[in-house]
Every structure is written in C-alpha cells, then in structure tokens.
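J.: Sequence:
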Amino acid sequence: MLFPPAMSTQPFDRIRNFAIIAHIDHGKSTLADRLIQLTGGLSEREMTEQVLDSMDIERERGITIKAQTVRLNYRARDGKDYVLNLIDTPGHVDFAYEVNRSLAACEGSILVVDASQGVEAQTLANVYQALDNNHEIVPVLNKIDLPAAEPEKVKAQIEEVIGLDASNAIGISAKTGLNVEEVLEAIVTRLPPPKGDAEAPLKALLVDSWYDAYLGVVVLVRIVDGALKKGTRIRMMGTGAAYEVERVGAFTPKKIEVEALGPGEIGFLTGSIKEVADTRVGDTITDDRKPTAEPLPGFRPAQPVVFCGLFPVDAAQFEQLRAAMAKLRLNDASFTYEMETSAALGFGFRCGFLGLLHLEIIEERLEREFNIELIATAPSVIYEIELTSGETIEIHNPVDMPEVTRIREIREPWIKATIISPDEHLGAILKLCQDRRGNQIELTYVGTRAMVTYELPLNEVVFDFYDRLKSVSRGYASFDYQIIDRRPADLVRLSILVNGEPVDALAMLVHRTRAEQRGRAMCEKLKELIPPHMFQIPIQAAIGGKIIARETIRALRKDVTAKCYGGDATRKRKLLEKQKEGKKRMRQYGKVDIPQEAFIAALKVDS
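When the sequence shown is numbered by this note's numbering, its final residue is 607 and no position is left out of the sequence of numbers.
Worth double-checking, as some hints may not be accurate.
[As the list claims (entries may be wrong)] With a straight-line cut-off of 20 angstroms between C-alpha atoms, the simulated DMTMM-like cross-links for lysine to aspartate or glutamate are: (1) LYS327 - GLU367; (2) LYS327 - GLU340; (3) LYS546 - ASP504; (4) LYS431 - GLU455; (5) LYS229 - GLU246; (6) LYS175 - ASP25; (7) LYS416 - GLU340; (8) LYS195 - GLU246; (9) LYS290 - GLU246; (10) LYS470 - ASP13; (11) LYS525 - ASP464; (12) LYS431 - GLU442; (13) LYS80 - ASP13; (14) LYS327 - GLU386; (15) LYS229 - GLU199.
Just so you know, the hints here were simulated from the structure itself, not pulled from any lab data.
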C-alpha cells in the first residue's frame, strides 16, 4: 500500500489535492488520522489521536484552529502510485478564513457529515465555499457504527438541503477505520488531478506561513506553474521581497526534504526569512530572475468583525506583547492589531478578530506560548457615525465616540444568521433572536429539524449569543452567519463607574432600549466578581451624566472588638467608632482592585 517518499516532482495525473470539510465535531481530524495511518505516513508507535491538531489548545478543546497539510503516498487498486495532499480544515465559523485559504489550494473536497446529526449550519457554509472554488465534492457519512446513525435519512438531507447527489456517498467510521479504504479510492477515482505547466516560469500561491525558532519563517506553498528547487531566488510579488530558497520539503506529516516541487504539489520552503511582514498569505511567489507575467488573484483579505483591547497586566511586558503579536499575525492573517492607550490600563493594542472564539484563542495563545498575562476590554464591532458636519467616521472603541450633539446618525453592522436545530427547541431559539432585535426571514423544515434564517445586529451577537443559543437548544443548534450591511440604530454609550471612577475597559455601545437592562446586569455581575474591600464600593451604570443602575459592595468588616474581654460597653463602642472613621477616610482615598477575570466574566451577562 505504501512506497518511499517522493524525491522528485510528480506527473500531474498522479497528484490529488483535497481538503476535508465538515461541521464542528463531525470527525474531520479523526478521518485525517485514519488516512495517515492507512497510507503509512506514521508508524503505529508515532501515531497519536488528532495527530494534525498540534497545538495544546486544539487538543484540550477538541477543535481544529489551524488548517494542516500532509502528503500521503498511496498505491491504488489499479496498481498506480499516487501522491495525495490532504488539508484538514477547521469547522468553527470563526475560522472560516482558514477554510477558504485551504480550499484555494485544492481541486476537490471530502465532505464529512455525521450520520447521527445530519447536515448542520457549518456543513452548508463550508460546502458553499468549496463550490465557490469549483471543487468536486465527495460526500462521506461518518459514525455509521453509532446506534443513532440514520445514513439513508442523512443522504436525503444532503440532497434536499445542499443539492448534492448523495446516492454514492461513502459510509464510514473514522474512529474504528471501517470502510476508510473506500475514501482513498474515491479520492483517486472521483477527484480531478491538478493542471499546470512545468515549463512556464515559477508561479506559486502562498497558502500559509508561520514562525520557527530555528528556521525563521516557514512558508507553505501550492505550485501552480514551473518548479521550485533549492537555490532558486524567489520574489514575493505583493511585497517585493526576494530570498534564496535554502530548503524545499513536504509534510508526511513529519518534515521531509525533497529535490523540487512541481505543478500541482503542496509543500514548504525556508530561506532565512526574518521579516514577518514579507510573507503575506495569498501572495504569489515567482522566480526573481524569470518572473511570471500575472500574479494569482490571491485571497480576499479577512475583515475583522469583533474588536477588543488587549493590555499587559505588567506594563513592562508591552514590548514582549508587541513581538508576540507580530509572530501570531504571521501565523494568523485574519488577526489585526494597532497600538492604543487607556487611562486605566496603560499601553496596549486594539485587536480585530473574526469572532469571540477567535478572540479567546488568540488571548490564550498569547498567555501560553509567550507567557504574557493580559487584560481584555469589552468586545465591540465597527460602527459608522455620520457627524452633523457631513463627515463619516468609523469607530470600534466606545471611548472614541464623539459628543452626542455632533452625531447625526449611527449605523451598525447586521448579519444574516442561519440556525439549524431540532424542532423541540425552535420556540426558545425564536424568542432568543427576537430578544436580540432580530427580523425573521424564513423558516423551513428538513425532516424533523428546523432551519431558520434571521437578520440580526452583530452587536447583539458578539457578546454571548452563541453561548445562549447552545444552552437554550441543549447544544443541538448549529449557527453560521455572514455580514450583509449597515443600518441606522439608536445607540448610546454605557459607562460603568466603580467607586465614582469610570472604567473605560467596560464601556460599551448598546441600543437605548437595552441600556438599562444591560447596565443593571453588569452592575450585579461586578458586585459578585469584585471582592469586598475595607470600605463600601458603589458600582454604577451611566449614560452621559445620568445614572441608570447601581449596586453597592458592602465593606469587609474586621472584628475590632475581638480582644475586649468584659469591661464597660463603651470600650467596644469607642473601637467601632474609630473603625468607622478609618473606613470613611479609606473611602475617599481607597483604590479598588478589580480582578482580571471580572472583565471578561462581566461581559458574558445572561440576558
């Protein structure tokens, strides 16, 4: 079944480039494990579960964050040897950009659908992305060994909802390895080989890049025309940077060096690239001495939709944070950042993310991989503000909001959300969407499952919508969205004051009708989260100069009379009066210590 790693370029018709796409938890990474095992990419001893999920966070959370590639060598039933380039993609809506990049490097996709769960929201989103890239799609039904599996019903669902012919869908169990050999045969027989011209000047797509402490920047490429060899002087057409290639290789999933990469092949190159900014994802790589005439179209840049400020707890770590962000930016092109300062938190960065999970992952990676303790401010989206002067500005930090008298109109982003859920949870989901100012567009049924489409303001979704959706549907609802437009809204800036001081990290823009409810919930949450001090602490929510909600944290009472044994009652009263005076003085000068967890926890207020 296997043969030694290829050390020269392959004929086109023996190469297959494919991605594995699916909803979260439908078994993409497990199927990738079985394919690596069957083709002998790793020995039994080297094999681990989810071998391509190399980050600790991926293993702990059981999700794929980075798309990973691997080259497999397979001898098909017709006796021919094939090279299969597999890309395992993420399933979560926040990492759709990773999926898009991966699909651009392939000609076909394996669509994995859980035979017990059926078609979910992200299944649809990923299929449409694959079709946009003109992919041939092979449907695979996973987990057919489960008692709850209904393969025939799910095949009908694929045909009805997606419009794909599922009559020849392959039923497998990626966990046990049942029937996985058929998937390899389908890849060889049903997916098209790549096209390209080996004699043309080098033209390669920069699919991904990451920083390696020993090799510098490692670049993942898909060769379209020509060949890439060691010693070639290459140029990035977008940035104009030129380098000499020191190493050309592929992942099997171990790094192996090869003589050259030819048209249709996926592999990596290194060349003492130290500048992170030179390797932009989606750029075209060509030969510096004999360049190609036209660059590839590349990828549409990812548009961040959620913004938040990240500040180091220790101000001395600011430069360390800047360097860490530059390295992460290289590894994740959808993450953006710019410097900002805050009165309460000092120097930090305003960062853009594709969603709340993306925010959480970046924050966790900065803390784990670079050992930096962080404080995150309230997430917000981009608002468009038309001023009375006729000028239009964009803000994504509530602190930057101009005076109310200067504002003519505020426009906020809206999304089109698709939610698929079992019928019994539909009522709770519709109520949740209505509470979030949603407009229902359509409601259809796929068997016993409802598919509902809503238009919602993104501002209402970035806080805790996903968590709430999972809890009202007991985890069965799946959710996907795309941004549609910006619409006028009656928004106000809600400020949170602790001990009379505004905390700019907790300021947010909210709809006027929701301001009091959100302010009250924030005050109650902070009352639980801020530990009692030696003095009383008022927590207030305000719009402009008007206080709309208040909670008070009672003072921590030390028993000053503990040492009084017997004697006159006036002795105790005297000590208590003295304590009261001291607390009054502390109240004037007292500094409130807000724990870091309080910032993020305060934002996840249940509605």
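J.: Which of the numbered hints above does this structure break?
T.: 7, 8, 10, 14
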